[in-house]
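Knowing the structure of chain W, use the given hints to seat chain B on it.
Below, each chain spelled out in residue letters.
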Amino acid sequence: MQTRIRRRHIMAAGAAAGGALMLPGKAPAAGGTKPLQGVTLNVSCWSAPYPLMLTKYIPEFEEQTGARVVYTTPSFPIYNQRMDIALATRSDAYDVINVTFIYIGRWVGAGWVVPLDPYFSNPKLTPAGWDASDFLPGTTTVFKNAKGELCAIPWIADIMMSAASRYDIMQKAGFGLPDTFAQMQKMLGAVNGKDGLPGFITENHYGWTFIGFLQGFGGNIFRNPPHDLMPVLDTPQAVEAADFFCNMLRSYGPKGVLSYTYDEVVAQLKQGSMIYTTENEDFVAQMAQPSSKVQKTCAFAMFPAGPAGRFPQIATHGWGIPIGSRKKDAAWQFIAWSMSKDLLLRMFRDDGWSSITRRSIIEMPEFRQKLTLNGYDVAKMYLDTIDLGAKGYMNYRIVPPYPQVDRQIDIAIGNITSGQKTAKAAMAEAQQNSISQLRRAGVKI
Amino acid sequence: MTAATWSAEQRRAFTIGLAPALIVLAAVTLGPAIYLVATSLTPLTPLTPGSGLDFSTPLANYSQALFDSSFVHSVGLQLELSAITVGLQTLVGLGLALLLNIESRFMEAVRTGFLVPMVLPPIVVAIIWKVLYTPNISPLYAALGALGISAGSLVTDPTWALPALAVADTWEWFPFTLLMVLAALQMMPKEPLEAARIDGANAWQMFWYVRLPFIRPALTVAVLFRLIDSIKAFPLIYIITNGGPGQATEVTNYYAFIQTFNFAYWGYGSAIATMMVGGVFILSLIVARLGGTQAVGE
Chain W
1 MQTRIRRRHI MAAGAAAGGA LMLPGKAPAA GGTKPLQGVT LNVSCWSAPY PLMLTKYIPE
61 FEEQTGARVV YTTPSFPIYN QRMDIALATR SDAYDVINVT FIYIGRWVGA GWVVPLDPYF
121 SNPKLTPAGW DASDFLPGTT TVFKNAKGEL CAIPWIADIM MSAASRYDIM QKAGFGLPDT
181 FAQMQKMLGA VNGKDGLPGF ITENHYGWTF IGFLQGFGGN IFRNPPHDLM PVLDTPQAVE
241 AADFFCNMLR SYGPKGVLSY TYDEVVAQLK QGSMIYTTEN EDFVAQMAQP SSKVQKTCAF
301 AMFPAGPAGR FPQIATHGWG IPIGSRKKDA AWQFIAWSMS KDLLLRMFRD DGWSSITRRS
361 IIEMPEFRQK LTLNGYDVAK MYLDTIDLGA KGYMNYRIVP PYPQVDRQID IAIGNITSGQ
421 KTAKAAMAEA QQNSISQLRR AGVKI
Chain B
1 MTAATWSAEQ RRAFTIGLAP ALIVLAAVTL GPAIYLVATS LTPLTPLTPG SGLDFSTPLA
61 NYSQALFDSS FVHSVGLQLE LSAITVGLQT LVGLGLALLL NIESRFMEAV RTGFLVPMVL
121 PPIVVAIIWK VLYTPNISPL YAALGALGIS AGSLVTDPTW ALPALAVADT WEWFPFTLLM
181 VLAALQMMPK EPLEAARIDG ANAWQMFWYV RLPFIRPALT VAVLFRLIDS IKAFPLIYII
241 TNGGPGQATE VTNYYAFIQT FNFAYWGYGS AIATMMVGGV FILSLIVARL GGTQAVGE
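Here the protein sequences line up with chains W and B, keeping their order. Numbering-wise, my numbering puts 433 at position 433 of the first sequence, and it's gapless, one number per residue. Numbering-wise, my numbering puts 66 at position 66 of the second sequence, and it's gapless, one number per residue.
Do not rely on the hints blindly, as some may be mistaken.
Below, computed lysine-lysine pairings styled on DSBU-like, alpha-carbon distance capped at 35 Å [said to hold, decoys possible]:
hint : chain 1 : residue 1 : chain 2 : residue 2
1    : W       : K296      : W       : K194
2    : B       : K232      : W       : K424
3    : W       : K194      : B       : K130
4    : W       : K421      : B       : K232
5    : W       : K186      : B       : K130
6    : B       : K130      : W       : K56
7    : W       : K424      : B       : K130
8    : W       : K293      : W       : K255
9    : W       : K380      : W       : K391
10   : W       : K341      : W       : K124
11   : W       : K421      : B       : K130
12   : W       : K296      : B       : K130
13   : W       : K255      : B       : K130
14   : W       : K444      : W       : K144
15   : W       : K293      : B       : K130
16   : W       : K296      : W       : K341
17   : W       : K380      : W       : K194
18   : W       : K255      : B       : K232
If you are wondering where the hints come from, they were derived from the structure by calculation, not from laboratory data. Keep in mind the model is a prediction, meaning the values are calculated, not measured.
The shape of chain W in the complex, shown without the other chains:
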C-alpha cells in the first residue's frame, strides 16, 4: 500500500513539474487539478530568521501546487547532525535541505546533493526570468562541485559586523563605533559596566566568531587552504589573537559568557542588555525591528580591522536537493518558488529580510533605503564586506574536515576564557588535536 502511494505520488510530481513551474508568484493553478496534488515534500533548514519567515509563506506554495510541505527548523547543531546522517545514508527522508556553509566541502564534495543546473537551465522546469545568474557570484561559487555545477541556491549571504545595542552609552563615554581592534578594546574598557550592562557579547560558536580576529592579527586556520591544510593554530599571531579575544570575553562579557548561543545573543541585544557585539548581519539587523527595545540606540559598522587588516567573516547557506530524495522535480519547484525574485522581494518589503542574495534586489534604491538602519547605511557595509570576501580569505571554511578543526577552536577558546589554560597552551593543544583529526580524516599533512 505504502509503495503504491509513493509511486503514484512520484509519477504525479514528475508529470506535473513542468506545468507548475510556469506558475510562480501568486497565480493559482489552472483547471481543477493542482500540479503536486497528493505530494508531500519534506523540507528542513536550521532555525534562522529567513527560514522562520518562510514559514508564513509556505501555505501559499501548498495552495498553488497542492503539495503538502512538512517543514522543520531545528537548531543549528541539531540540524547539521541530523542532515549529515541522512545524507551519508542516502536517506529519502528529506526532499529539500539547507546546505550548511561549513558542510559544503563534505556534502557537495561527496555528491550527496544533486547538481541543480539541469533544473534551472531547463525552461520546462523553471519559469523564464527566474535567472540563476542573478545570485551574487560570491555566494554561488562555493556551492559548485568539481565539475562547476551549482549544487545549492544561496538563500543568505551573511556577514560579520560590528554593532552596538546601546550606542547612547558609548557616545556618553566619548566613543564611536570602533574601527580597529585597539579602539574596540579601549572603548569596551570605558563602557563596560555602565548602566550595569556588560560591554561585549558574541555567540559561543568560536569557530565562527573568533576567526575574524584570528585573521585580523595575521593568523589563519590552515597554511594555504584549500591546497595546504596544515593547521597553523599555534603561531604567535594565532596566540595573540586568542589572548585578545578571550580577554574581551572574560573582561567585558556577561556572567556565563561561554554559554551564549546566537539566539540568546540576539535576544539580549534586542533587550538592550548588552552594549556591543561583533555578530552576523541578519542577527544584529533585528535590533532595528519594531519588536526591539533598542531601535533608537542601535548602531552599525563594518567588522573592525586588526594589525593585519579587516577580515569580516562571510557565510552562505543554500537550498539543495539530497541525492536520496525521490521527489526531486517537486523539490526543485519548492526551491524555485522560495528563491523567486517575487517572493524574496515580498519578504524584504513585508518582513525586513535583508541578507538577500539576488543582485537585482540589492541594487534597487528601495533596498538601499530600507537597509539604512537607524541612519546607518548597512547595505553599503554589506556590499563592501562581500567585496572584501572576494580576496579568498574564507577558503578555509569549505574544506571537508573543517568541522573537526572548528570544534578544536571552540574548545581552545573555552579553555582560555575559563582560565583552564593559557592562550599559548590552548592553541598548541588545538594545533595538535587538529592535526590528529585531519590525519584521521585522511588528509595528507
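For chain B alone, coordinates are given in the frame of chain W:
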C-alpha cells in the same frame, strides 16, 4: 514413555517454544551489538566508500583511542561524574525513603510528588536546568541577587560545571532510588524491628543492623541501574554545557557522539562505544558481586 525420553521431549518442546523469542532477541539485541563491534574494527566513515569493509588494521581505532588524550580525559571525567551522581542519588534517595516510609494518605501524595522529575522527558529536565543555570534569566540567580549575593555562572566555570551537571542529574534520578528503597522498606516484616526495639537499639542501630541489611539487595539493584544510566548521560550535557567550558564536561559518551556525528568517524565512535559497553559490563559485575555477596553474607 521412559523418564529419560519424557525429559528429552520436554527439553525439545521448551527449545521449540523459546526459539522464536530467542531469534527476535538475537535480531534486536545481539545483531546491532555484533555490528557495532564489527564496525569498530574498520575505519568506517560515510565519506569514504568501502571503508566499512576495510578490516586491514582491525585494532587501529582501539590503539588510536589509547593515545588520544581527549578520549583518556573523557574517561576520567566519566568516572568522576558517575561517582558523584550515583553517590548523591543513593544518599538522597535512601534518606528520603527512610523519611517517607510512613503509612498515611498525606505521605502517599508527597511520595508521588517526588516522582515528578523522573517522569519528565530528559530534554525538558535539561531545559529547566539550563534556565536555572543561566544567570540573567534564572530565578535562582535573581533570588540570590535580591539577597545581595552575586554568584558567577556555574556551568561555565571549569571547577563547578561537572558538579552542576551532577546536581541536575541527581534531581532527575534520585526518585528512582527512592522508589526502589521505599518498596523494599514497605516489604520489610515488622518483627525484626520490634525485636531490635525491645533490645534497646537506637535509631542508628535500627537502620544499620536491621533495615540496611534488608534493603541492601534493592539498593544494589538501584545503584547498578543508576551506574549504567550515569554512563549514558547525554541530554543535560548537550543542552547545558555542550561539553565545555573547554572539555570540562566532555565525558566519554559525549566524546563518542562528537566523533561519530560531528566528524563522521563512525568506526572510531563504534570503538569508543564498544569500550564503554565493556566498561559498563565490568563495573556492573563488580557492583552486583559486591552487593549480592554482602546481602547473602548477612
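Is the Cα-Cα distance between K424/W and K130/B 35 Å or less? 31 Å, holds
Exercise for the section: Compare the distance between the alpha carbons of K293/W and K255/W with 35 Å, and conclude whether the hinted pair is satisfied. Expected result: At roughly 22 Å apart (the allowed maximum being 35 Å), K255/W and K293/W satisfy the hint.
Tell me if the straight-line CA distance from K194/W to K130/B falls inside 35 Å. 27 Å, holds
query = Is the Cα-Cα distance between K341/W and K124/W 35 Å or less?
reply = With Cα atoms ~18 Å apart, K341/W and K124/W stay inside 35 Å; holds.
### Task
Verify the proposed pairing of K296/W with K341/W, using a straight-line Cα cut of 35 Å.
OK: K296/W and K341/W at ~31 Å, within 35 Å.
Quiz item: Given the hint that K296/W pairs with K194/W, does the C-alpha gap stay at or below 35 Å?
Solution: Given pair K296/W, K194/W holds - Cα atoms ~18 Å apart, limit 35 Å.
Review point. For the pair supplied as a hint, K421/W and K130/B, is the alpha-carbon distance within the 35 Å limit?
Key: 25 Å, holds
| Hint consistency between K293/W and K130/B [alpha-carbon to alpha-carbon, up to 35 Å] | Satisfied, since the Cα-Cα distance of roughly 25 Å is no more than 35 Å.
Legend entry - Distance restraint between K444/W and K144/W, which requires alpha-carbon spacing of 35 Å or less: 23 Å, holds
Taken at face value, is the distance from the CA of K194/W to the CA of K380/W at most 35 Å?
31 Å, holds
Mind checking the alpha carbons of K255/W and K130/B for me, to see if they're no more than 35 Å apart?
14 Å, holds
Is K232/B close enough to K424/W, meaning Cα to Cα at most 35 Å?
Holds: K232/B and K424/W sit about 34 Å apart, inside 35 Å.
In terms of the numbered hints stated before, the structure departs from none.
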